[in-house]
Amino acid sequence: MDRKEYQRLRTVVVLFVGAIVGLAVIRDSYLLATAGVLTGMVFMVLARAKAKIRADERESTIQGKAARMTYAIFAPTIALTAFFLLLPSRGGISVFSQGEWLFTEALGMIFAYLTLFLIVIYAIAYHFFNKKYGGGGDEK
Amino acid sequence: MKNKRSLFLSDENPSLRNKLKVYRAMRDLTQEQLADKIGVSRQTVIAIESDKYLPSLKLAFKIAKLFKVKIEEVFAYDQKEDENES
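Line order of the protein sequences matches chains U and F. Taking this note's numbering, the leading residue of the first sequence gets 1, the next gets one more, and so forth. Taking this note's numbering, the leading residue of the second sequence gets 1, the next gets one more, and so forth.
Hints listed in this document are in silico derivations from the structure and should not be mistaken for laboratory results. Possibly wrong hints are sitting among the right ones.
[Unchecked claim] Simulated crosslink set (DSS-like; lysine-lysine; CA at most 30 Å straight-line):
id	chain 1	residue 1	chain 2	residue 2
1	U	Lys132	U	Lys65
2	F	Lys58	U	Lys132
3	F	Lys58	U	Lys65
4	F	Lys65	U	Lys132
5	F	Lys70	F	Lys52
6	U	Lys4	F	Lys19
7	U	Lys132	F	Lys37
8	U	Lys4	F	Lys37
9	F	Lys58	F	Lys21
10	F	Lys37	F	Lys21
11	F	Lys37	U	Lys50
12	F	Lys37	F	Lys52
13	F	Lys62	F	Lys21
14	F	Lys37	F	Lys58
15	U	Lys131	F	Lys62
16	U	Lys65	F	Lys37
17	U	Lys50	F	Lys62
18	F	Lys65	F	Lys52
[Stated by the list, open to error] Which residues of chain F face chain U? A partial, calculated answer using Cβ under 7 Å:
id	residue
19	Val40
20	Ser41
21	Thr44
22	Ala47
23	Ser50
24	Tyr53
[Claimed, not checked] One side only, chain U facing chain F, incomplete, derived with CB under 7 Å:
id	residue
25	Asp56
26	Glu57
27	Arg58
Glycine residues also receive a C-beta, built at the ideal position from the N, C-alpha and C atoms.
All chains should be modelled from the sequences, with the hints used to inform the complete structure.
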């Protein structure tokens, strides 16, 4: 199996998993969703092993840059969203602290913790890789 | 525009040139064959040949070793061009 066939297969698996999850949402079945996702994951692992897909250094560089850009865009976006969702309820605007607007505060809190979680994960990963690649050590 | 800087590949460096295409042609190797020999994808070979991607030192040594030449014979650093840019 070459790379193109693998990519085609991946598209089919993604569509399949999407359809299963969609069906699971309609039927309100957690089991079906879990089974669909797990099946897709197992299938992809097996296909990848068979295809012997080579992840070379250029691909790693691109993945690193894409991850950095995702972080740079995603973190401020959800932080600002959290801020604007929390602002009305914290600012004493009573209409946002009751009834159907109550969810904005909960959503804001979720986004705020998500931002913190993201930053913590980034910091831990940075620390780990910095140590791995020789940073932070004293000169001997 | 050849020296246009890319937003996504900011380490694209026109002061580093390589003769990979020449050496590959001399050995009568296809991009696919070369990629297999040095353990990268064909896209990586294409990117190196067109100066869109700078290989790591390890890969550069691997390429030089494959062609049985010194690394600086395949990869050349043009200091003047680098100074003109900065």
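How the hints compare with the structure:
no., hint, in the structure
1, U:Lys132 x U:Lys65, "holds, 19 Å"
2, F:Lys58 x U:Lys132, "holds, 18 Å"
3, F:Lys58 x U:Lys65, "holds, 20 Å"
4, F:Lys65 x U:Lys132, "holds, 28 Å"
5, F:Lys70 x F:Lys52, "holds, 22 Å"
6, U:Lys4 x F:Lys19, "holds, 29 Å"
7, U:Lys132 x F:Lys37, "holds, 29 Å"
8, U:Lys4 x F:Lys37, "holds, 20 Å"
9, F:Lys58 x F:Lys21, "holds, 19 Å"
10, F:Lys37 x F:Lys21, "holds, 15 Å"
11, F:Lys37 x U:Lys50, "holds, 20 Å"
12, F:Lys37 x F:Lys52, "holds, 21 Å"
13, F:Lys62 x F:Lys21, "holds, 15 Å"
14, F:Lys37 x F:Lys58, "holds, 14 Å"
15, U:Lys131 x F:Lys62, "holds, 27 Å"
16, U:Lys65 x F:Lys37, "holds, 27 Å"
17, U:Lys50 x F:Lys62, "holds, 26 Å"
18, F:Lys65 x F:Lys52, "holds, 22 Å"
19, Val40, "holds, 4 Å"
20, Ser41, "holds, 5 Å"
21, Thr44, "holds, 4 Å"
22, Ala47, "holds, 6 Å"
23, Ser50, "violated, 12 Å"
24, Tyr53, "holds, 5 Å"
25, Asp56, "holds, 4 Å"
26, Glu57, "holds, 5 Å"
27, Arg58, "holds, 4 Å"
Of the numbered hints stated above, the single one contradicted by the structure is hint 23.
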